[in-house]
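The listed protein sequences correspond, in order, to chains R and G.
Letter 175 of the first sequence, counting from 1, is numbered 175 in our numbering, and no numbers are missing.
Letter 231 of the second sequence, counting from 1, is numbered 1231 in our numbering, and no numbers are missing.
Keep in mind the hints are simulated off the structure, nothing from the lab.
Treat the hints with care, since some could be wrong.
To be verified - Straight-line alpha carbon distances no greater than 20 Å define the calculated PhoX-like cross-link-like pairs of lysine-lysine that follow:
#: 1; chain 1: R; residue 1: LYS112; chain 2: R; residue 2: LYS34
#: 2; chain 1: R; residue 1: LYS112; chain 2: R; residue 2: LYS133
#: 3; chain 1: R; residue 1: LYS34; chain 2: G; residue 2: LYS1556
#: 4; chain 1: R; residue 1: LYS94; chain 2: G; residue 2: LYS1313
#: 5; chain 1: R; residue 1: LYS24; chain 2: R; residue 2: LYS152
#: 6; chain 1: R; residue 1: LYS84; chain 2: R; residue 2: LYS24
#: 7; chain 1: R; residue 1: LYS84; chain 2: R; residue 2: LYS94
#: 8; chain 1: R; residue 1: LYS84; chain 2: G; residue 2: LYS1174
#: 9; chain 1: G; residue 1: LYS1556; chain 2: G; residue 2: LYS1360
#: 10; chain 1: R; residue 1: LYS88; chain 2: G; residue 2: LYS1397
#: 11; chain 1: G; residue 1: LYS1313; chain 2: G; residue 2: LYS1397
#: 12; chain 1: R; residue 1: LYS88; chain 2: G; residue 2: LYS1174
#: 13; chain 1: R; residue 1: LYS10; chain 2: G; residue 2: LYS1397
#: 14; chain 1: R; residue 1: LYS152; chain 2: R; residue 2: LYS112
#: 15; chain 1: G; residue 1: LYS1278; chain 2: G; residue 2: LYS1300
#: 16; chain 1: G; residue 1: LYS1174; chain 2: G; residue 2: LYS1313
#: 17; chain 1: R; residue 1: LYS34; chain 2: R; residue 2: LYS88
#: 18; chain 1: G; residue 1: LYS1313; chain 2: G; residue 2: LYS1182
#: 19; chain 1: R; residue 1: LYS94; chain 2: R; residue 2: LYS112
#: 20; chain 1: G; residue 1: LYS1300; chain 2: R; residue 2: LYS84
What the hints assert, rightly or not - Rough simulated footprint, nothing fancy, chain G against chain R, three-plus residues with beta-carbon under 8 Å:
#: 21; stretch: 13-27
#: 22; stretch: 71-84
#: 23; stretch: 158-169
Ideal Cβ positions, reconstructed from N, Cα and C, are used throughout, including at glycine.
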Amino acid sequence: MEAGTPQVVKLEDLHVAGQLSGRKHILSILVENKPGVLARVAGLFSRRGFNIDTLAVGPTDDPSISRVTLTLDGAVHPIDQVTKQLHKLVNVLKIRDMEPEETVAREMALFKVSSAVENRAEIIQFAEIFRAKIVDVARRTMTIEVTGSADKIEAFERMVRPHGLVEMVRTGEIAIGRGSD
Amino acid sequence: MESLKAEGVKDVFGIPGGANLPTYDALVDADFRHVQVRHEQGGGHAAEGYAKASGRVGVAFATSGPGATNLVTAIADAMMDSTPTVFITGQVRTELIGTDGFQEADILGATLPFVKHSFAVTDPRQIPEYVHQAFHVASTGRPGPVLLDIPQDLSRADIDYEPRTEPVELPGYKPSTDGNIKQIRIAAKALASARRPIFYTGGGVINGNASAELRELADSDRFPVTSTLMGLGGFPASSDRFLGMLGMHGTWTANRAMDNADLIVAIGARFDDRITGKLSEFAPNAKVIHIDIDPAEISKNVGAHIPIVGDVKQVLPKLTREYRALQTDSSRLDEWWNTLRGWQEAHPLFYEPGQNGEIKPQFMIETLHRATGGDAIITSDVGQHQMWTAQYYGFDKPRRWINSGGLGTMGFGLPSAIGAKVACPDEQVVCVAGDGSLIMNVQELATCVSEDIPVKIFLQNNGYMGMVRQWQELFWDRRYSSVEMGASPDWVKLAEAFGAKGMRCEDSADLEEQMTAALEHDGPVLLDVRTVAEENCYPMIPPGNAARDMVEAPRKAVS
Chain R
1 MEAGTPQVVK
11 LEDLHVAGQL
21 SGRKHILSIL
31 VENKPGVLAR
41 VAGLFSRRGF
51 NIDTLAVGPT
61 DDPSISRVTL
71 TLDGAVHPID
81 QVTKQLHKLV
91 NVLKIRDMEP
101 EETVAREMAL
111 FKVSSAVENR
121 AEIIQFAEIF
131 RAKIVDVARR
141 TMTIEVTGSA
151 DKIEAFERMV
161 RPHGLVEMVR
171 TGEIAIGRGS
181 D
Chain G
1001 MESLKAEGVK
1011 DVFGIPGGAN
1021 LPTYDALVDA
1031 DFRHVQVRHE
1041 QGGGHAAEGY
1051 AKASGRVGVA
1061 FATSGPGATN
1071 LVTAIADAMM
1081 DSTPTVFITG
1091 QVRTELIGTD
1101 GFQEADILGA
1111 TLPFVKHSFA
1121 VTDPRQIPEY
1131 VHQAFHVAST
1141 GRPGPVLLDI
1151 PQDLSRADID
1161 YEPRTEPVEL
1171 PGYKPSTDGN
1181 IKQIRIAAKA
1191 LASARRPIFY
1201 TGGGVINGNA
1211 SAELRELADS
1221 DRFPVTSTLM
1231 GLGGFPASSD
1241 RFLGMLGMHG
1251 TWTANRAMDN
1261 ADLIVAIGAR
1271 FDDRITGKLS
1281 EFAPNAKVIH
1291 IDIDPAEISK
1301 NVGAHIPIVG
1311 DVKQVLPKLT
1321 REYRALQTDS
1331 SRLDEWWNTL
1341 RGWQEAHPLF
1351 YEPGQNGEIK
1361 PQFMIETLHR
1371 ATGGDAIITS
1381 DVGQHQMWTA
1391 QYYGFDKPRR
1401 WINSGGLGTM
1411 GFGLPSAIGA
1421 KVACPDEQVV
1431 CVAGDGSLIM
1441 NVQELATCVS
1451 EDIPVKIFLQ
1461 NNGYMGMVRQ
1471 WQELFWDRRY
1481 SSVEMGASPD
1491 WVKLAEAFGA
1501 KGMRCEDSAD
1511 LEEQMTAALE
1521 HDGPVLLDVR
1531 TVAEENCYPM
1541 IPPGNAARDM
1551 VEAPRKAVS
């Protein structure tokens, strides 16, 4: 008798694997760089009623392959079902459900904040604390570039919002697995 | 054309138009049959009927724009029922794409949600490769429709065809077929522990050509078997271990058995809502072994305790071997069989026989079984007649029952019968039609006549869209709304106008004789059978209810 197969299987001992993980998931998806692939991925999500929180698409080191990074809520969606449906798309080559502890995830955001003379110093101070960059200054506004985890970007947003947030642009998260020693 | 020939294509269905003129020009010299249908939807369903009857890939052609959009229903239908099909559409010339050119439609975009895969040709040299990939994707794994959209200028380019020597390789497409042997062993042991098991078999058994393997497994003990609408014929209906179809219009015994089972073995089936009824109350006592080639079906609707991803044809023999090796005592199933037999006796399929020659639709199907020796290929439209055929014909063999199960497409019956007859010219092919459905694709009678395709259409004519009327009667206080067919055509004259033979039957005593005459006639026939108008289809699980809330046909009080 090899390992993993019990002598007797009692029906009452059988269970269904849990469906909802309850946390945010980052899926890193390698797709063939062909016309319409993004429409297939996005269409699958809308058709199956899955909500994408963020989506980022870009090239990889191989010009024939692109990477789609998307985040979604595992408290609402059975991630297993999402990845299995994605795998059915012929142009999808590989899907990684990134493990939070073994992943570096980053997002970039641009904040255009109204900056009168009296609060300019304070905003610059925030930017320094968050290691953000001021990329544009005008008479009434300042534009700040922030890079970091989604949490950090949301924290920065909370700090500057009271000063008058004119516009905010976020890229959506991208992620890479941590190196192993 | 060379690529299609290399794929073994013998027959295609379609209609030419501006954007696929080059393809049709090449057809003049090609040595396969082109069936010129009268509407692209008909061509699409014919390709489906062809595939379902023969197991070979069905092929339909259409031109760009409206030709292509007319195919959409057939493509969606093939997706829902996992039918191996390749649809080849013409597209406007490359330089016109995106300009709203004449007869331009983004058919690739329109069909994205319901194709297994699709290809837009951008270079004529891609065509042979894409054709081979299309056939590979359509026919392997879980089968399905593949669309190939070719702009007019690219399909007229002259390219040299080099026969391919290597099998198709797609980096993102590798269906797993073996089934995990550890899981199969656990499944065998679970079966050995089960006291109230049931096999719930679906269209996957038909698509996977696994009927013999299913019988082997069922014969390894006294396992009861029920089947979905799509799986009928996968296990012989005449077997005493067959409990009949399950689901909304399934038998009392099959539905009760699912409700009371301690172990459900789902084989190539997908727990559709027409099977489960109210999901939260479905089979409350059962553990589930789910065998399917599509991993995404497992635990999609009903959680699987023992998932097995693989081709049923490969998995079932392994499961049989593992189960037999356990040498179980089959007397543990005695009590279960007593219960099942009790249900069968108390709750058989039932209808009140017709009086004074009136023709009950159920009687019509029983008569059809007699007239065809139970061995015809039967296609159907969608509605009451479809359910009655499923209940009363008793399919003993696979690929004899062709219908639109998942999408429920009215108008499917006649064109799919054409496809089945082209695929299997030596078989008797009968379309059981409803009067609401038949008229939706009745133009294909012209195809039958001009292409010499002798299908027999047996019309259950009750003057209503019967299933909708039944729902309005039962669930909408009998407020009939747009279900009467009103001034229907004179079907006999209509058939004759097309050049087919028209017949009518109004007396149950004449029915079998007329059916036989129709079957023996050398050409297409439309037999207009006037059935009882307001018959309801039972048993029925009212929509949104649990299987145990099934309603049976009311019985007249005995006076």
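Status of each hint after checking the structure:
no.: 1; hint: R:LYS112 x R:LYS34; result: violated, 35 Å
no.: 2; hint: R:LYS112 x R:LYS133; result: holds, 12 Å
no.: 3; hint: R:LYS34 x G:LYS1556; result: violated, 65 Å
no.: 4; hint: R:LYS94 x G:LYS1313; result: violated, 27 Å
no.: 5; hint: R:LYS24 x R:LYS152; result: holds, 16 Å
no.: 6; hint: R:LYS84 x R:LYS24; result: holds, 18 Å
no.: 7; hint: R:LYS84 x R:LYS94; result: holds, 11 Å
no.: 8; hint: R:LYS84 x G:LYS1174; result: holds, 13 Å
no.: 9; hint: G:LYS1556 x G:LYS1360; result: holds, 15 Å
no.: 10; hint: R:LYS88 x G:LYS1397; result: violated, 31 Å
no.: 11; hint: G:LYS1313 x G:LYS1397; result: holds, 16 Å
no.: 12; hint: R:LYS88 x G:LYS1174; result: holds, 9 Å
no.: 13; hint: R:LYS10 x G:LYS1397; result: violated, 35 Å
no.: 14; hint: R:LYS152 x R:LYS112; result: holds, 17 Å
no.: 15; hint: G:LYS1278 x G:LYS1300; result: holds, 15 Å
no.: 16; hint: G:LYS1174 x G:LYS1313; result: holds, 17 Å
no.: 17; hint: R:LYS34 x R:LYS88; result: holds, 16 Å
no.: 18; hint: G:LYS1313 x G:LYS1182; result: holds, 17 Å
no.: 19; hint: R:LYS94 x R:LYS112; result: violated, 37 Å
no.: 20; hint: G:LYS1300 x R:LYS84; result: holds, 10 Å
no.: 21; hint: 13-27; result: holds (count 5)
no.: 22; hint: 71-84; result: holds (count 4)
no.: 23; hint: 158-169; result: violated (count 0)
Hint compliance for this structure: hints 1, 3, 4, 10, 13, 19, 23 are broken, all remaining hints hold.
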